[in-house]
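So the protein lines, in turn, are chains A and B.
For what it's worth, the working numbering labels the leading residue of the first sequence as 1, then goes sequentially.
For what it's worth, the working numbering labels the leading residue of the second sequence as 290, then goes sequentially.
Keep in mind that the hints were calculated from the coordinates and are not lab data.
Some clues are possibly wrong.
To be verified - Only pairs whose alpha carbons sit at most 16 Å apart, straight line, appear in this in silico EDC-like list of lysine to aspartate or glutamate:
(1) A:Lys139 to A:Glu169
(2) B:Lys378 to B:Glu366
(3) A:Lys205 to A:Glu243
(4) A:Lys161 to B:Glu366
(5) A:Lys139 to B:Glu366
(6) B:Lys334 to A:Glu131
(7) A:Lys139 to A:Glu174
(8) B:Lys544 to B:Asp332
(9) A:Lys139 to A:Glu170
(10) A:Lys161 to A:Glu131
(11) B:Lys334 to A:Asp129
(12) A:Lys258 to A:Glu218
Predicted, not measured: the structure shown is a model, and the values here were computed from it.
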Amino acid sequence: MKRLVPYLILGLLAVGCFSLATVLQARAYGWSRRAQADNILKVLLGDGRRLFANHFFIQADVSFHSGYYPSIFDQARAAQGSRHLTAEEGDPAHEEHEKSMDFLGPPRDWIERFGRHFMVTDHTHLHGDTESEILPWLKISAELDPQKVETYTVAAYWLRKLNKASEAEEFLREGLRNNPNSHEILFELGRLCAEYHHDPARARKMWELGLRKWADQEAAGQKPELFHLDQLAVHLARLEEQEGNLARAIELLQLAIKATPHPEALQRQIEELEQRRAAHSPGASPPAH
Amino acid sequence: MNTIFALANVVIKELCRRKDFYVLFVLTAVLTLLLGSVSFFQDIKVVRYVKEIALLLIWISALVIAIATTARQLPAEREHRTIFPLLAKPVTRGQVILGKFVGCWLACGLALVVFYLFFGVVSGSREHSWPVLNWLQAFWLQWSMLGIVVALVLLGSIVFAAPSSNATICFILVLGILLLGRHLNQVALQQPEPLRSVVYGLYFFIPHLEWYDVRDLIIYDHQLIGWGDCALASLYAGVYAALLLFGAWLLFRRKPLHL
C-alpha cells in the first residue's frame with residue numbers, strides 16, 4: 001500500500017488539474033483582452049505588430065515596382081503615400097508618381113556607377129500574370145494591423161483587376177468589420193456592387209453610408225481626405241444619373257466640386273445635367289425636329 | 290599547396306560534424322515550405338514572396354555559417370593547444386591562415402550549394418521556369434562576398450580575444466555595410482567639411498558587399514548581369530580578401546600563441 005501512495009497522490013493531482021481546467025477555461029477568456037486575441041501574431045507581437053504591418057505594406061509596393069524602390073536615403077525625392085498603387089495609366093496620380101520615382105539620378109562616383117549593374121534600376125509596374133504577386137504582402141499586412149484601411153482598399157483594387165470579385169468582397173467585409181467607420185472601404189464595396197454584381201441599389205446604400213461616414217469624420221475634426229469625398233460623390237452622382245435622378249446627381253456633383261482639384265470638368269457635367277433636367281421637366285417644350 | 294588543402298579539409302569536416310549547418314538548413318526549409326503552402330486569395334500562381342523569404346533566409350544562414358565557422362578556427366586551435374603540433378609539422382603561419390581561409394570559404398560554398406539547390410527546386414516547381422544562369426550568378430556573387438567576410442573574420446580572430454566578440458563585431462560590420470554601404474556617399478555629401486571627406490573616404494575604403502546582393506534581380510525575374518561585371522566584382526572580392534588575409538598574416542606571424 002505504501003508503494004502505491006505516491007501514484008495515488010499523482011493521480012489525485014492530475015484529476016484536480018483536469019477538473020480545475022474545465023472550470024477555469026471558460027472564465028479565462030473574460031479575464032483579459034489578450035485571451036480574446038484572434039490570432040497568434042497578436043499574442044506574440046502585441047501592438048508592435050503594427051510596425052511590421054507597415055513594413056509588409058511597403059514590401060507590397062516594392063513588389064509592385066519589381067524591386068525598384070527608394071531607400072530611406074532616397075525617399076525625400078521619391079513617391080509618398082499609396083495612391084499610385086491603385087492609379088490607372090493617365091491618372092494625375094500616375095503621372096506624378098512617374099516623375100517622383102526617378103529618384104536615382106546620375107551616379108556620383110565609379111562605385112555607384114558599377115553598383116548599378118547589380119540592382120534594379122528600371123521603373124516598371126506589375127502587369128499581366130504577375131499582378132497577383134502584390135497580394136501576399138497585403139494579406140500579411142492586414143493580419144498584422146487590421147486597422148490599416150489602405151491595405152484593404154489596395155488589395156480589393158488588385159483583386160478586382162484580377163477578376164476575383166468575391167475574394168475582394170470577402171476581404172473588404174473583413175476590413176469593414178475591423179474598421180466600421182471607414183468610408184474608403186464602403187466606397188470600394190460600392191464599386192464592387194455597381195461594377196461586378198450590377199446591383200445599383202446596394203452600391204447606392206454603400207456610397208450613401210460612405211458619404212455619411214466622411215461627413216461624421218469631418219464633423220469630429222478628423223480631417224478625412226477630400227479625394228475620398230470626391231470619389232464617393234462622383235461615383236454616386238453617376239449612379240443617380242443612370243437611374244434618372246438628375247436632381248440628386250447635380251447635388252452630388254456640386255458636393256464633389258468642393259473636393260476636386262479639377263472643378264472645371266465637373267462644372268461642365270453639372271451644366272449638361274441641368275440642360276437635360278430642363279429638357280425632361282413637364283413644362284419644357286419638345287425638342288425641335 | 291597540399292598543406293593548405295589538408296588544413297582546409299579539416300575545416301570542411303568540422304562543418305559536416307557540427308550541427309550549425311543542419312539546423313539552419315532545416316529552419317530555412319521548414320519556414321520556406323510552410324509559407325509556400327499558404328494560399329493567398331486562392332491564387333496558386335503567387336511565388337515571389339516565397340522566393341523573397343527563401344533568399345532572405347539563405348543570406349542570413351550563409352552569413353551565420355561563415356562568421357561562426359571562421360571565428361572559432363584560430364581561437365580553438367590555441368585553446369586546445371593543437372596549434373603547436375600543427376606549426377611543428379612544419380606548417381608556416383601563412384599556410385595556417387590560408388588553409389583556414391580556403392577551408393571556411395569552401396565550407397560556405399558547400400553550404401550555399403545545398404541552399405541554392407533547395408531554392409531552385411522550390412522556385413522552379415512553383416514558377417515552372419528554371420533560370421539556372423541567374424541562380425548561378427547569384428550563387429557565385431554571394432560566395433565571392435562570403436570570401437571577403439571569411440577573410441575579415443579571420444583577421445578579427447587575431448585582433449579580438451574571444452570568438453564571441455569577434456563574431457558580434459563582424460556581424461555588425463557586415464550588416465552595416467550591406468545596409469548602408471550603398472548610401473554612404475549620399476550621407477557624406479550632406480555633412481560639413483572635414484566630416485564629408487572622412488565619410489567619403491570611408492565609402493571608398495570599405496568593401497562594397499552590397500553589390501553581391503542580387504536577390505531582387507532573382508526574385509523579380511530581371512535580366513542576367515553582364516558576365517564582365519560579374520568578373521570585375523569577383524576580382525574586387527579577390528583583392529579585398531587578399532588584403533584582409535595579408536593583414537591577418539602580418540598580425541599572426543608575430544603573435545604569441547600561448548594563452
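To see whether the hints hold, each was checked on the structure:
1. For the hint pairing A:Lys139 with A:Glu169, the CA-to-CA distance comes to about 14 Å; that is within 16 Å, so the pair holds.
2. Between B:Lys378 and B:Glu366 the CA atoms are separated by roughly 14 Å; this keeps the pair inside 16 Å, and the hint holds.
3. Straight-line distance between C-alpha atoms of A:Lys205 and A:Glu243 comes to about 14 Å, which keeps the hinted pair within the 16 Å bound.
4. With a C-alpha separation of about 62 Å, the suggested pair A:Lys161 and B:Glu366 falls outside the 16 Å cut-off, and the hint is violated.
5. Restraint check for A:Lys139 and B:Glu366: the C-alpha separation of about 50 Å exceeds 16 Å, so the hint is violated.
6. Restraint check for B:Lys334 and A:Glu131: the C-alpha separation of about 10 Å stays at or below 16 Å, so the hint holds.
7. Restraint check for A:Lys139 and A:Glu174: the C-alpha separation of about 11 Å stays at or below 16 Å, so the hint holds.
8. Distance hint between B:Lys544 and B:Asp332 is unfulfilled; the C-alpha atoms sit about 61 Å from each other, more than 16 Å.
9. For the proposed pair A:Lys139 and A:Glu170, the alpha carbon gap of about 12 Å is at most 16 Å, so the pair holds.
10. For the hint pairing A:Lys161 with A:Glu131, the CA-to-CA distance comes to about 9 Å; that is within 16 Å, so the pair holds.
11. As the CA atoms of B:Lys334 and A:Asp129 are separated by approximately 8 Å, the hinted pair is consistent with the 16 Å bound.
12. Restraint check for A:Lys258 and A:Glu218: the C-alpha separation of about 14 Å stays at or below 16 Å, so the hint holds.
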